[in-house]
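This is what each chain is made of:
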Amino acid sequence: MYSYNEFDEAFVRARVAQFTHQVERRIDGSLTEEEFRPLRLMNGLYLQLHAYMLRVAIPYGTLNPHQMRQLAFIADSWDKGYGHFTTRQNIQFNWPKLPDVPKMLSALADVGMHAIQTSGNCVRNVTSDHFAGAAVDEIEDPRPYAELLRQWSTDHPEFQFLPRKFKIAITGAPNDRAVTKAHDIGLRMVKNAAGETGFEVIVGGGLGRTPMVGMVVREFLPIEDLLPYVEAVLSVYNTLGRRDNKYKARIKITLHETGKEEISRMVEERFAELRPLFGGNDQKLLADIREAFATPAFRNAPTDAYDAFYKADPVFRAWADTNLTQHRNDQYAIVTISLKAHGQTPGDATSDQMRVMADLAETYGHNELRISHEQNVILPHVHKGDLPAVHAALVKAGLGTANVGLISDIIACPGMDYCALATARSIPVAQEIATRFDALKLEHDIGPLKIKISGCINACGHHHVGHIGILGLDRAGVENYQITLGGDGTETAVIGERAGPGFAYDEIVPAIERLVQAYLEHREGPEETFLEAYRRLGLQPFKAALYPAEGNKDAA
Amino acid sequence: MARFTPKVVTANALLEGDVVYLTADNRWSRVHEEAELITEAEYGDQRLAFAAAQKNVIVGAYLADAKAGQNGPEPTHFREVFRTRGPSNYFHGKQAELN
Ligand code: HEM
Ligand code: SF4
Chain V
1 MYSYNEFDEA FVRARVAQFT HQVERRIDGS LTEEEFRPLR LMNGLYLQLH AYMLRVAIPY
61 GTLNPHQMRQ LAFIADSWDK GYGHFTTRQN IQFNWPKLPD VPKMLSALAD VGMHAIQTSG
121 NCVRNVTSDH FAGAAVDEIE DPRPYAELLR QWSTDHPEFQ FLPRKFKIAI TGAPNDRAVT
181 KAHDIGLRMV KNAAGETGFE VIVGGGLGRT PMVGMVVREF LPIEDLLPYV EAVLSVYNTL
241 GRRDNKYKAR IKITLHETGK EEISRMVEER FAELRPLFGG NDQKLLADIR EAFATPAFRN
301 APTDAYDAFY KADPVFRAWA DTNLTQHRND QYAIVTISLK AHGQTPGDAT SDQMRVMADL
361 AETYGHNELR ISHEQNVILP HVHKGDLPAV HAALVKAGLG TANVGLISDI IACPGMDYCA
421 LATARSIPVA QEIATRFDAL KLEHDIGPLK IKISGCINAC GHHHVGHIGI LGLDRAGVEN
481 YQITLGGDGT ETAVIGERAG PGFAYDEIVP AIERLVQAYL EHREGPEETF LEAYRRLGLQ
541 PFKAALYPAE GNKDAA
Chain H
1 MARFTPKVVT ANALLEGDVV YLTADNRWSR VHEEAELITE AEYGDQRLAF AAAQKNVIVG
61 AYLADAKAGQ NGPEPTHFRE VFRTRGPSNY FHGKQAELN
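Here the protein sequences line up with chains V and H, keeping their order. Read in UniProt numbering, the first sequence has 546 at position 546, and its numbers run on one by one without any break. Read in UniProt numbering, the second sequence has 99 at position 99, and its numbers run on one by one without any break.
Fair warning: there could be bad hints in the mix.
Now the in silico label distances, taken between C-beta atoms and shown as ranges [said to hold, decoys possible]:
id	chain 1	residue 1	chain 2	residue 2	range
1	H	Gln70	V	Ala14	51 to 57 Å
2	V	Arg209	H	Arg30	50 to 56 Å
3	H	Asn56	V	Thr295	23 to 29 Å
4	V	Asn5	H	Gly60	38 to 44 Å
5	V	Pro314	H	Val57	55 to 61 Å
6	H	Val31	V	Glu432	49 to 55 Å
7	V	Asp313	H	Val57	37 to 43 Å
Worth flagging that the hints you see were computed from the coordinates, not collected in a lab. Glycine included, C-beta positions come from ideal geometry on N, C-alpha and C.
Use the sequences and the hints to build the structure in full.
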């Protein structure tokens with residue numbers, strides 16, 4: 001994977017030194033909070049409900065074992081021994097103290113990591129397919145392009161004060177695991193008629209209070225045009241984007257207000273100006289970056305141990321069935337480590353667990369770890385012969401839950417347990433749904449089902465694209481949960497439909513249970529997933545299950 | 001004139017980020033019950049201005065609804081209740097530190 005060069009290293013160190021002084025000046029009173037706030041946000045430091053929070057970028061979700069161990073060390077030294085992996089492939093530490101933050105940043109810099117541009121109105125951490133470089137369906141590993149974009153956007157002088165935050169996601173596969181259609185710019189690798197590789201460029205997707213699926217503004221963008229084209233999009237947005245109203249400031253609104261035709265025309269015009277200014281250095285850089293993402297030297301060895309265990313051990317089999325994904329090398333598998341043990345906080349890992357995952361990546365996983373937007377950890381390259389050993393080690397560390405893609409594999413934002421913007425809690429709702437369906441022993445029978453929970457309208461928990469989405473609100477001083485149905489975050493992206501009035505905190509888990517029971521009753525068979533059944537049946541049968549009393553009223 | 005809902009002044013401590021409350025004797029307490037219960041709008045504004053001026057001690061002072069309780073002011077909104085305790089998924093924050 002990519003390692004910092006001298007330039008990256010010097011830049012990050014300089015930033016740490018600068019922020020160290022800023023913290024000192026805040027503490028001694030020479031900076032006011034008004035002056036300090038934008039500076040701390042530029043360095044990923046938020047103030048939440050109970051404490052500060054440091055958000056650290058994990059570029060395109062890729063980590064090496066050394067970095068994972070350092071995250072564990074940071075959690076132990078300056079936090080409470082755990083970290084929270086988020087849908088944006090970041091990690092958040094929930095309990096840092098202000099005077100310690102410079103030390104944390106310096107510890108991050110030691111392993112080529114930082115918290116720069118994890119907040120503020122700039123280009124945020126570029127996210128990507130967590131199976132990149134390993135997936136069978138991939139046209140090409142998207143991470144070199146993600147790294148190119150990271151280098152280009154980091155501290156880019158023109159784009160530090162955009163109208164609003166800007167999120168780019170990139171995938172190299174037709175099956176979209178990076179939710180590209182819900183990003184400001186989504187890039188999907190495609191082949192044109194001539195068989196050349198390029199990008200489909202999707203602009204103006206986003207969730208939040210005005211959820212929108214992005215629109216394709218360029219069907220085929222040659223690889224060499226990536227940076228000038230993305231720069232053109234940002235440049236047009238930077239000019240047109242509304243700075244007068246933060247709720248209308250995202251590019252999705254610009255796109256809707258200006259119209260796709262007009263925006264596309266302006267982007268192409270700006271692109272024509274910018275293209276000649278890119279003299280080819282970006283392509284030289286890209287070639288170097290590509291080398292850093294070379295495929296690991298895969299082992300050629302028998303996979304008998306795997307086959308034997310698969311036959312003999314039902315626990316291993318259940319885990320293999322849910323948590324493994326086909327690798328492009330058929331002796332290998334992609335392992336998804338669930339951070340969703342039933343009843344635990346989605347996305348949280350203790351420092352001990354981080355070290356176990358780092359060790360496994362080192363021993364069995366060609367030194368690679370990934371963080372998925374679904375808040376799990378991936379070992380992208382594990383030889384099948386090693387899977388029994390990997391599974392045993394995971395089980396021992398409390399990381400062996402066999403539930404990836406199932407009802408308890410829930411995305412949940414921090415909600416009102418941590419977040420100052422929250423209108424309700426989301427973590428305990430996730431914990432209770434998982435515990436309930438585990439007790440019912442139903443989740444394998446239910447099959448693939450994505451529940452996503454946000455604690456306010458900002459939609460950090462992706463609820464709009466959950467098959468079942470849950471949005472926590474404050475209704476007259478009481479927590480209230482709204483359900484949306486039929487959302488989809490993949491290449492067939494759809495924003496979910498609101499099912500009806502919300503539910504109180506103690507009603508939401510029973511409501512989800514009724515919903516799932518209705519699915520089990522109505523599905524054509526176990527092969528028909530919840531989402532497929534919803535698409536066939538529409539809202540009605542699910543609504544009837546959610547609001548049985550009202551059905552009775554109508555009948556009376 | 002609209003009736004004034006009683007309030008307390010609350011903020012986060014600059015260094016630790018902890019939730020703090022302004023007491024009647026101008027201290028910042030970690031305990032909600034030690035807060036001064038403010039029952040009059042104009043006095044509330046004065047206390048908030050006093051708090052907001054302490055820029056090197058606290059961040060983000062605001063008035064939060066509260067009511068009189070047996071041992072002192074109690075929060076009324078669930079958000080403020082969570083702030084007196086800490087998160088519900090772990091025994092961290094005030095619930096662990098104040099006892
Ligand atoms: C201190 C905590 C956080 C704050 C203050 C915060 C703030 C926000 C705000 C204001 C928005 C709405 C942006 C808009 O509509 O223009 C948003 C969206 C979003 N945030 Fe967060 N967030 C926080 C934590 C998180 C976490 C933990 C995650 C990942 C789990 C996350 C991921 C996202 C995503 C995916 C979106 C929606 C996509 C979009 O930007 O349209 N955020 N956040
Ligand atoms: S959705 Fe709302 S509550 Fe959840 S993390 Fe985002 S801003 Fe906070």
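Hints versus structure:
1. Gln70(H) to Ala14(V): 51 to 57 Å: With a Cβ separation near 55 Å, Gln70(H) and Ala14(V) satisfy 51 to 57 Å, so the hint holds.
2. Arg209(V) to Arg30(H): 50 to 56 Å: violated, 34 Å
3. Asn56(H) to Thr295(V): 23 to 29 Å: violated, 54 Å
4. Asn5(V) to Gly60(H): 38 to 44 Å: Since Asn5(V) and Gly60(H) have Cβ atoms about 40 Å apart, the given range 38 to 44 Å holds.
5. Pro314(V) to Val57(H): 55 to 61 Å: holds, 59 Å
6. Val31(H) to Glu432(V): 49 to 55 Å: Violated - the Cβ-Cβ distance for Val31(H) and Glu432(V), about 30 Å, lies outside 49 to 55 Å.
7. Asp313(V) to Val57(H): 37 to 43 Å: violated, 59 Å
The structure shown violates the earlier hints numbered 2, 3, 6, 7.
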